[in-house]
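So the chains spell out like this:
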Amino acid sequence: MKKRKPNPYRDQYRVWYPFHSPDDPCPPIAKQYVVPPNQFLGFQPPNLPQFSKHEALIKGTLWPIFYSPYPPKKWRDKDGT
Amino acid sequence: MEHEKRRALLRKLQEVDFVLVELNLYLDTHPSDLDALDQYNHCALEREAIRSEYEERYGPLMHFGHSSNRYPCGWNEGPWPWEI
Amino acid sequence: MWIYEKKLQYPVKVSQCNPHLAKLLIEQYGGADGELAAALRYLNQRYTIPDKVKGLLTDIGTEEFAHLEMIATMVYKLTKDATKEQIKAAGLEEHYVNHDLSLFYQSAAGNPFTATYIQSKGDPIADLYEDIAAEEKARATYQWLIDLSDDPDINDSLKFLREREIVHSQRFREAVELLKEYQGQKKFF
Ligand SMILES: [Fe+2]
Chain A
1 MKKRKPNPYR
11 DQYRVWYPFH
21 SPDDPCPPIA
31 KQYVVPPNQF
41 LGFQPPNLPQ
51 FSKHEALIKG
61 TLWPIFYSPY
71 PPKKWRDKDG
81 T
Chain B
1 MEHEKRRALL
11 RKLQEVDFVL
21 VELNLYLDTH
31 PSDLDALDQY
41 NHCALEREAI
51 RSEYEERYGP
61 LMHFGHSSNR
71 YPCGWNEGPW
81 PWEI
Chain C
1 MWIYEKKLQY
11 PVKVSQCNPH
21 LAKLLIEQYG
31 GADGELAAAL
41 RYLNQRYTIP
51 DKVKGLLTDI
61 GTEEFAHLEM
71 IATMVYKLTK
81 DATKEQIKAA
91 GLEEHYVNHD
101 LSLFYQSAAG
111 NPFTATYIQS
121 KGDPIADLYE
131 DIAAEEKARA
141 TYQWLIDLSD
151 DPDINDSLKF
161 LREREIVHSQ
171 RFREAVELLK
181 EYQGQKKFF
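Protein chains in written order, with the working numbering: chain A, 1 to 81; chain B, 1 to 84; chain C, 1 to 189.
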């Protein structure tokens, strides 16, 4: 699969792999963390696209650009997205 | 079912009120955005209509004179928000 | 003055009676990065912050009380009909001997709420960076709670609260930008 340039608003998860010693007792698990969209936008520009009222309440924000999904862990682990 | 109807109307109010919260916080840091101000004032009218419909059916939402009270189904009657 | 409105900001539903989950959620009720700490932090800072930011601290502080009420609702619903056996199995006996099933401002580990959770330096930049950090920490706490909870209805409400922390942090970042400006100081130059 061709690697596309990551978009920080869409690809919010980062993955890293701590050193795994052969003496470590447990099998290694990739570590991941989220970098939410508030790290990138700066001062919010006017007239950004909005969710509908119905959608906004479900998502917890009026502006899609701030939406940060938090899917179950097993989905996040796969490829960091 | 009455419980479902009540929940649906409450949700409508929660939806418009949420937009108002979001616009309010936005306007706190963008006080001169006239489009956002317009939208805020428009939503405030819309919430007023839903509020009065809700209160007519299910009783006052607010105390201290911000809703008119009545008997029965007045302010002091449940269910309370954490009970519904 | 504050006026109470008889509704939650976002609906709270609970799939099943689960006192153990309530024990974890209490972290966001009376823990260091919980909603009570957040509300008190902002509403306390607003008195001495420059005018441009007073409205924001007032409004976010007020919204945090709405979040506190949502957490209280979850805890109440998760424990309301718990049997003595369920309370014991959930490790809530220590809570029960002191409080019955009433709520208490404490962390998940049982530490009582303390004012030391709140910083108030009076320096606007220091205070706002504290607020930004508090929002990110609250977001992280919601993540760990969602990871440990398998109640889909509770997780729905927790995801809403997690997203609110992201928006709050955004607004505090903007407040920092507002404070960097010289605007409104013309008379001094
Ligand atoms: Fe917050």
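Check before you lean on any hint, since a few could be wrong.
Pulled a few chain B residues facing chain C out of the computed Cβ check, cut under 10 Å [stated by the list, open to error]:
1) Asn24
2) Tyr40
3) Leu61
Simulated from the structure, these hints should not be mistaken for laboratory data. Since we're looking at a predicted model, the values are computed, not measured. Glycine included, C-beta positions come from ideal geometry on N, C-alpha and C.
Each hint tested on the structure:
no.	hint	verdict
1	Asn24	holds, 6 Å
2	Tyr40	violated, 12 Å
3	Leu61	holds, 5 Å
Checked against the numbered hints above, the structure violates only hint 2.
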